[in-house]
Each structure stands twice: as C-alpha cells, then as structure tokens.
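S.K.: Sequences listed follow chains V and S, in order. FYI, the working numbering numbers position 44 of the first sequence as 44, with every residue one higher than the one before it. Just add 255 to wherever you are in the second sequence, counting from 1, and you've got the working numbering.
Keep in mind that the hints were calculated from the coordinates and are not lab data. Mixed in with the good hints, there may be bad ones.
Unchecked claim - If you only want the chain S side, here are some residues facing chain V, beta carbon under 8 Å, derived:
no.	residue
1	319
2	328
3	416
To be verified - Here are a few chain V residues that sit away from chain S, every Cβ distance over 12 Å (derived from the structure):
no.	residue
4	130
5	146
6	171
7	191
Each residue gets a CB set at the ideal place from its N, CA and C atoms; glycine is no exception.
The chain contents come next:
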Amino acid sequence: MNAANRHEAVLQYAVRLGDDALVLGHRLSEWCSNAPFLEEDLALTNVALDYIGRARMFYSYAAELSGDGRSEDSFAYLRDCREFTNLLLHELPRGDFAFTMARQYLVDEYALAFMEALLESADPQLAGIAAKAVKESRYHLRRSRDWMLRLGDGTEESHRRLQSAIDDLWGYTHELFELDELEQELVAAGIAVDSAALRPAWDAAVRATLDEATIAVPAGDWSVRGGRQGIHTESLGHLLSELQFMQRAYPGLEW
Amino acid sequence: MVTVENRIPALPAEEHERRQRRAASPVPALWDLLDEVKDPEIPVISLWELGVLQDIEQRGEAVVVTITPTYSGCPAMTVMAEDIVAALQVVGHKQVVVETRLSPAWSTSWMTAAAQDKLRAWGIAPPACGSTGVAVVSCPRCGSPDVRQLSEFGSTACKALYQCNSCAEPFDHFKPI
Numbered sequence: 001m002n003a004a005n006r007h008e009a010v011l012q013y014a015v016r017l018g019d020d021a022l023v024l025g026h027r028l029s030e031w032c033s034n035a036p037f038l039e040e041d042l043a044l045t046n047v048a049l050d051y052i053g054r055a056r057m058f059y060s061y062a063a064e065l066s067g068d069g070r071s072e073d074s075f076a077y078l079r080d081c082r083e084f085t086n087l088l089l090h091e092l093p094r095g096d097f098a099f100t101m102a103r104q105y106l107v108d109e110y111a112l113a114f115m116e117a118l119l120e121s122a123d124p125q126l127a128g129i130a131a132k133a134v135k136e137s138r139y140h141l142r143r144s145r146d147w148m149l150r151l152g153d154g155t156e157e158s159h160r161r162l163q164s165a166i167d168d169l170w171g172y173t174h175e176l177f178e179l180d181e182l183e184q185e186l187v188a189a190g191i192a193v194d195s196a197a198l199r200p201a202w203d204a205a206v207r208a209t210l211d212e213a214t215i216a217v218p219a220g221d222w223s224v225r226g227g228r229q230g231i232h233t234e235s236l237g238h239l240l241s242e243l244q245f246m247q248r249a250y251p252g253l254e255w
Numbered sequence: 256m257v258t259v260e261n262r263i264p265a266l267p268a269e270e271h272e273r274r275q276r277r278a279a280s281p282v283p284a285l286w287d288l289l290d291e292v293k294d295p296e297i298p299v300i301s302l303w304e305l306g307v308l309q310d311i312e313q314r315g316e317a318v319v320v321t322i323t324p325t326y327s328g329c330p331a332m333t334v335m336a337e338d339i340v341a342a343l344q345v346v347g348h349k350q351v352v353v354e355t356r357l358s359p360a361w362s363t364s365w366m367t368a369a370a371q372d373k374l375r376a377w378g379i380a381p382p383a384c385g386s387t388g389v390a391v392v393s394c395p396r397c398g399s400p401d402v403r404q405l406s407e408f409g410s411t412a413c414k415a416l417y418q419c420n421s422c423a424e425p426f427d428h429f430k431p432i
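Make a model of the complete structure from these sequences and hints.
M.R.: This is the structure in structure tokens:
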C-alpha cells in the first residue's frame, strides 16, 4: 500500500468504526423514556452517549483525514444507506429489553477486546480513541453480563425472551470476525485490529456466560453478512430517516 | 489506619507532568483565572481539579487552552469549552482556541485529595485514589462503608447510583476510571 492509498484506507476504516458506534448509539437512545424503569432508562441512554461520543471521535478523525471540508456531521447526516458500513448486528431494531441487552452483551464482549487491541494501533489517533473507549466498555460489559445472568436465570418469561433474542442474534455475529481486503491491508500495516484473532476468546467468554445464564448456545447454522460493503437489512433505512430528518429537511441547520 | 495525611501519594506519570506544566508555565495568571471555571454539573470542583484542563499557552494574540474529555459522549464538554472561552474573553482575551487532546486518556486517579473532599461535602462519594480496581465507596452523609449499588449509572455518565444501608441516603458515586 502506498502512502495515498493508506491515507484513504485509514479514512474508510475510521468511518466504519464511526458507523458501528453511531448506529448502535442511536438504537440505544431509542430507549430514552421507554425503558422498564428509571435506572435502566439512565443506564441505556448513558451507554448511548458513550457510543455517540465514539462516533464523533471517529468521524472527526475521518473528516480531518479527508481534508476536503467534510465534518463529522457530513458523515452522520449526509450519507445514504449504501454508504453506511456498520456491521449489521448494530442496526437491528431494539426489540424488547432482553433483545437489547443480549445484543449489548455480545457487542460489549467484542468491543472490549477490539478496543484493547486498537490501543496497539500504529495510528496514534485511533489508539487515542481506543484508550477512551476501553475504559467505558469495561463497565458496559460488567452491566450487560449481569443482565444476561439475571434474565437467563430469572423467570420462565425472562428466560424465554433471552433465549429467543440470542437465537435471533447469533447469525449476525459471524460478520464481526471477518476482514475484507481493506482491513487485511491495514492489519498488515499495524493499524487495524485483526478481528478474526479475537474470535476464540470471544467464543469462550460468551459460551461461559450463556452457560451460567442457563441459555443454550444456538446451532449456528445460518449467517448474515454485508454491512462493511454497504448491504444492509431493511431496518437501517428507517433508522436513518429518523436520525437524518432535520439535516435533510433543513440542510446546514445548527442548534 | 491509612489516612489522607500519611498515604504515599502515588501520582500517575501523566498527572505529574500536568502539574509540572502548570508550575513551569509562563502564564500563571491564566491558570489562576481558569481555576474559577467549574464543572457545570458539579460546581464545587474546577476543571483543573477535575483533570480536564491540560495546558494553557499564549500563541501570539491567541490563548490556546487544551482540554481532555472525561467520557466520550459527555455533553458537559461543550459547556466547559464555552465557559473557558467566556472566562478568558471577559478579561480581554479576544482570541481563544480550545483544543481537545485524547491522549493521555482522562482518569479519575488524577483528582487531588482536596478535590475528593469537596466532592464528598457536595454529597458525591469520590472515586478511590489510583486505579486499584477495587472501589472503596462510603456514604458521603454518614461515612458508613455499608453501601449498595443501585445502578451502574447515576445522573451523569461519570457517576453510579448507590444507597447507604446505615442511614438510607441515596447518593452518587463518582466512578473510578
């Protein structure tokens, strides 16, 4: 990879990580005033803020690399579905509380390991963002893991809902550990995280939690992928229509 | 018993450097001025005490203030930057630039013992000194260590919600990160 290509690749990588964070942050923010009780309302929206903050840092870095006048807002508000490159797991509708916590748990196990690895990135800005994110993911995981045990090993109803959530989510987890050409090249350059290498530890941790929560590990006989190539579920368009409405209706609007 | 007085102050290297930067600064008056800028959510501690204020430099006509964010999505960061600009403009500095630096990542272990006392007096259990991994939380009202966590999150991202089992007071704990 020559210098110009690498510059463009880092920009795209930062946008990918920003997309993951923004889309999940938006999903979590949908619980604002809708959570089952006040403490959970505060918790979910605080985690949402952490993710939206992450998105801002990644997008700001991408904007700086672009050098063409784009801002963090250009990436968040002025791109359409096919230009978003988030992993599909993040965009699935929030579902019930069990679904949201199950997704969060699977993401948290991944995000903590991912950010720990990104700390070692040869790109100092990405490593700096990871240093902030890693501290937050530690307590996100503590909380989502607690909920897995509480719901899985709770009532018949909570167990049923959590099992059904894990079954529905499982096929979207494979994509977390797959690298396309762009990421492989950035891994070789010491910049990106080799997410495939995170899988054994993730698998072991998730299986141990599911076991303790009395939840069965799904058979794993189906999988869905495409997020990094901009191929999304129908849910993303609906999410963006709400997230981007103000900027689309009133371009350049500032608060 | 280990009290604040006889504890060996194990200061993280980056916090030592931050204090050195202030001590060696050619513009001490500006640092003193910004001591008046408080955390918008916790108006008893300053941005310096919180560890957010990293550096102040005079570059030509401009005053450049460097801050480090607490939490990635903390909405108070914008207010802090605005308050810094306002405090400097009021005394005649027309050009103020607030820059954000991510690294070293902010840590509650930078907070001084005096700032911790202020938090406690304000009703917030301060973060434990240093990152020992074990949070020692006691009730800011009665001092009892017999407390329980109600929620990992309190009124803001930086706090968790606790309740005292001795006096029943609900209170915020400033999370150590």
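S.K.: Hint by hint, say whether it matches the structure.
M.R.: Quick rundown of the hints versus the structure:
1. 319: It is violated, given that the least Cβ distance between residue 319 of chain S and chain V is near 18 Å, above 8 Å.
2. 328: 3 Å, holds
3. 416: 7 Å, holds
4. 130: 9 Å, violated
5. 146: 8 Å, violated
6. 171: Label holds. Min Cβ-Cβ 29 Å, cutoff 12 Å.
7. 191: 16 Å, holds
Taken one by one, the earlier hints fail for this structure at numbers 1, 4 and 5, listed in ascending order.
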